[in-house]
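What follows is each chain in one-letter form.
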Amino acid sequence: MPKPSWFNRLSIFAGLAFLYLPIVVLVVYSFNASRLVTVWGGFSTQWYTAAISNQSIVEGAKISFLVAAISATLATVLGSLAAIVAVRIRRFRGHHVFNGMLVAPMVMPEVVMGVSMLLMFVTLGIDRGPVTITLAHATFTMCFAAVVMQSRLVELDPSLEEAARDLGCPPFVAFMKVAVPNMLPAFVSAWLLSFTLSLDDLVISSFTTGPGASTLPMKIYSQIKFGVTPEVNAISTLILGVVVFGLVASRIVSRPSAKSSLAV
Amino acid sequence: MQSYVSIENLSKSFGFFTAVDDVSIGIGKGEFFSLLGPSGCGKSTLLRMIAGFETPTSGAVRLDGEEVTDVPAHRRPTNMMFQSYALFPHLTVGKNIAFGLAQDRLARAEIRQRVSDVAEKLQLTALLDRKPQQLSGGQRQRVALARALVKRPKVLLLDEPLGALDKNLRTETQHELVRLQRELGLTFIIVTHDQHEAMTVSSRIAIMRQGKVLQIGSPAEVYETPVSRYVAKFLGEANVFEGGATRRSGNDLAVESAEAGGSVFATAADHVSTNGRFWVSVRPERVELARQGDGLEGVIEQFSYAGSGRHYRVRLKSGATLDALRVNLGAEDDLSVGDTVFASWMPQAARLLAD
Chain A
1 MPKPSWFNRL SIFAGLAFLY LPIVVLVVYS FNASRLVTVW GGFSTQWYTA AISNQSIVEG
61 AKISFLVAAI SATLATVLGS LAAIVAVRIR RFRGHHVFNG MLVAPMVMPE VVMGVSMLLM
121 FVTLGIDRGP VTITLAHATF TMCFAAVVMQ SRLVELDPSL EEAARDLGCP PFVAFMKVAV
181 PNMLPAFVSA WLLSFTLSLD DLVISSFTTG PGASTLPMKI YSQIKFGVTP EVNAISTLIL
241 GVVVFGLVAS RIVSRPSAKS SLAV
Chain B
1 MQSYVSIENL SKSFGFFTAV DDVSIGIGKG EFFSLLGPSG CGKSTLLRMI AGFETPTSGA
61 VRLDGEEVTD VPAHRRPTNM MFQSYALFPH LTVGKNIAFG LAQDRLARAE IRQRVSDVAE
121 KLQLTALLDR KPQQLSGGQR QRVALARALV KRPKVLLLDE PLGALDKNLR TETQHELVRL
181 QRELGLTFII VTHDQHEAMT VSSRIAIMRQ GKVLQIGSPA EVYETPVSRY VAKFLGEANV
241 FEGGATRRSG NDLAVESAEA GGSVFATAAD HVSTNGRFWV SVRPERVELA RQGDGLEGVI
301 EQFSYAGSGR HYRVRLKSGA TLDALRVNLG AEDDLSVGDT VFASWMPQAA RLLAD
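As they're listed, the protein sequences go chains A and B.
Residue numbers are given in this note's numbering: position 138 of the first sequence equals residue 138, and the series is strictly consecutive.
Residue numbers are given in this note's numbering: position 17 of the second sequence equals residue 17, and the series is strictly consecutive.
If you're looking for bench data, these hints aren't it; they were derived computationally from the structure.
Glycine is no exception: its CB is placed at the ideal position from the N, C-alpha and C atoms.
Some clues are possibly wrong.
[Stated by the list, open to error] Restraint ranges, calculated between C-beta atoms of paired labels, are given here:
{"hint": "1", "chain 1": "B", "residue 1": "Ala-126", "chain 2": "A", "residue 2": "Val-154", "range": "32 to 38 Å"}
{"hint": "2", "chain 1": "B", "residue 1": "Asn-328", "chain 2": "A", "residue 2": "Arg-251", "range": "39 to 45 Å"}
{"hint": "3", "chain 1": "A", "residue 1": "Val-248", "chain 2": "B", "residue 2": "Asn-168", "range": "42 to 48 Å"}
{"hint": "4", "chain 1": "A", "residue 1": "Val-154", "chain 2": "B", "residue 2": "Gly-15", "range": "44 to 50 Å"}
{"hint": "5", "chain 1": "B", "residue 1": "Gln-134", "chain 2": "A", "residue 2": "Val-248", "range": "52 to 58 Å"}
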């Protein structure tokens with residue numbers, strides 16, 4: 001491989017700085033002792049203490065994690081079923097439309113999704129709150145879960161299940177005994193991705209929430225209206241930590257599966 | 001004769017495409033039977049219908065006298081070795097082999113006994129705790145075989161079982177398969193596109209093309225007496241010339257062939273009419289090349305050294321080509337490209353083909 005030129009190095013550096021410098025600044029200032037966000041007053045973890053003892057923030061975090069966990073579970077189950085249909089049954093009437101509709105929410109404007117879901121909940125007369133946020137999150141993260149599952153299912157040798165049937169398993173047992181264990185990493189990966197997406201969502205949550213049900217991003221956003229405090233930096237850094245953990249874990253979990261499918 | 005595996009007028013269509021077209025084959029107990037043909041000829045579909053993975057459009061499959069056409073795969077007394085081996089990546093070699101026995105809810109002690117027996121037979125004992133990813137191609141192939149054999153199926157089905165192995169390992173494994181099959185006395189049905197493999201392992205071969213069976217017979221039968229030009233050329237090599245006016249002397253025929261540019265010889269023992277269109281087929285190894293004498297005159301156009309033999313391509317005066325193979329007996333090669341040669345063969349070396 002040729003050595004990168006100084007131009008390559010510079011553009012990589014500039015690109016990475018553009019992407020991550022604001023985050024670095026955020027993290028650094030979350031350890032700022034000063035009350036003023038932009039003035040460095042020495043190292044301190046006081047804002048973390050302040051954040052986790054802030055009742056409203058903790059309440060928001062609880063809702064966020066609960067919503068993320070439940071919606072990610074729903075999304076993974078539904079997404080897996082959709083992926084199985086798309087990969088295994090493949091050539092049914094309207095499969096192109098089905099595949100398109102499966103991934104469309106990925107590029108659909110969040111505002112549009114938010115409004116449409118709000119309208120639906122109002123029309124159906126469902127009281128808005130954590131439940132509606134959860135349903136909305138499950139809906140928009142499902143497509144991501146489906147895509148993750150789909151890519152794993154495509155790699156999974158269909159003769160594995162045939163082999164299980166050949167050795168005496170009825171079709172459903174063959175699926176449970178052979179396909180499911182081999183999809184496990186993808187399940188975890190899809191769940192973590194959905195969880196992460198749900199955790200940091202602001203737009204759709206705002207549309208589908210009701211009184212008393214504010215997620216963490218909503219709490220942060222409303223605090224920002226009164227000015228950025230170092231406390232917000234601290235909470236954001238914590239969320240960042242959770243998200244990075246989720247993404248890294250999802251990658252680590254899905255990696256061995258790629259290796260074993262190559263070997264098969 | 002009552003066949004052990006009997007395939008009766010079996011057809012399978014996918015939409016407008018007919019993969020298997022009215023195939024009937026009877027396979028005896030303890031046979032090593034090959035389904036041979038190019039890719040897309042329907043041989044795999046036929047095997048999958050015997051295994052129960054495909055439902056025939058029409059026709060029937062009988063195993064040991066019992067009709068199994070509508071019996072699902074998991075209740076058939078057949079086991080299959082898949083082309084991709086289909087080893088379960090999440091289970092160890094031992095658990096892979098035991099999978100079918102555990103599914104049948106056999107006693108643990110018996111499962112252990114049978115797994116260790118088959119592992120010993122296939123030299124897998126040291127690998128039982130490994131995962132399939134940690135095995136070489138040849139080892140995986142043996143695990144797949146063990147997993148299918150351990151259930152003691154009435155019929156073992158093998159779908160291109162050696163396709164992923166390199167040539168030396170293939171040859172070795174072919175002999176191993178034949179040895180196992182004899183030892184166990186099982187009925188094997190193998191699908192392959194490799195004619196050499198089919199000839200080496202089988203007791204009988206069915207040659208398939210476009211969903212139909214063209215010929216069934218022992219390797220020697222199909223090689224020596226092919227029913228058509230296609231079969232002759234698919235099984236090894238053949239020089240084929242269209243025949244014309246024929247003179248007979250005893251059992252020998254002298255056939256005028258415009259294509260070959262002269263008289264070619266054949267034996268009359270074949271029951272092929274020389275009135276309509278017919279062809280004379282001769283294998284390259286039966287063609288003799290001489291610098292002078294009788295025969296078809298031509299010029300050596302190509303030469304290739306294949307170790308065990310020397311392969312010559314001769315451009316005949318008529319413009320047709322003729323392949324000749326001289327077995328390498330260690331003698332000095334006295335022919336080279338550009339030499340004029342005369343090609344001839346014994347009448348009994350050539351066959352008449354009607355198609």
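Evaluated hints:
1. B:Ala-126 to A:Val-154: 32 to 38 Å: With a Cβ separation near 35 Å, Ala-126 of chain B and Val-154 of chain A satisfy 32 to 38 Å, so the hint holds.
2. B:Asn-328 to A:Arg-251: 39 to 45 Å: violated, 58 Å
3. A:Val-248 to B:Asn-168: 42 to 48 Å: holds, 45 Å
4. A:Val-154 to B:Gly-15: 44 to 50 Å: With Cβ atoms ~23 Å apart, the hint is violated.
5. B:Gln-134 to A:Val-248: 52 to 58 Å: violated, 26 Å
Against the hints set out earlier in the document, violations occur for numbers 2, 4 and 5.
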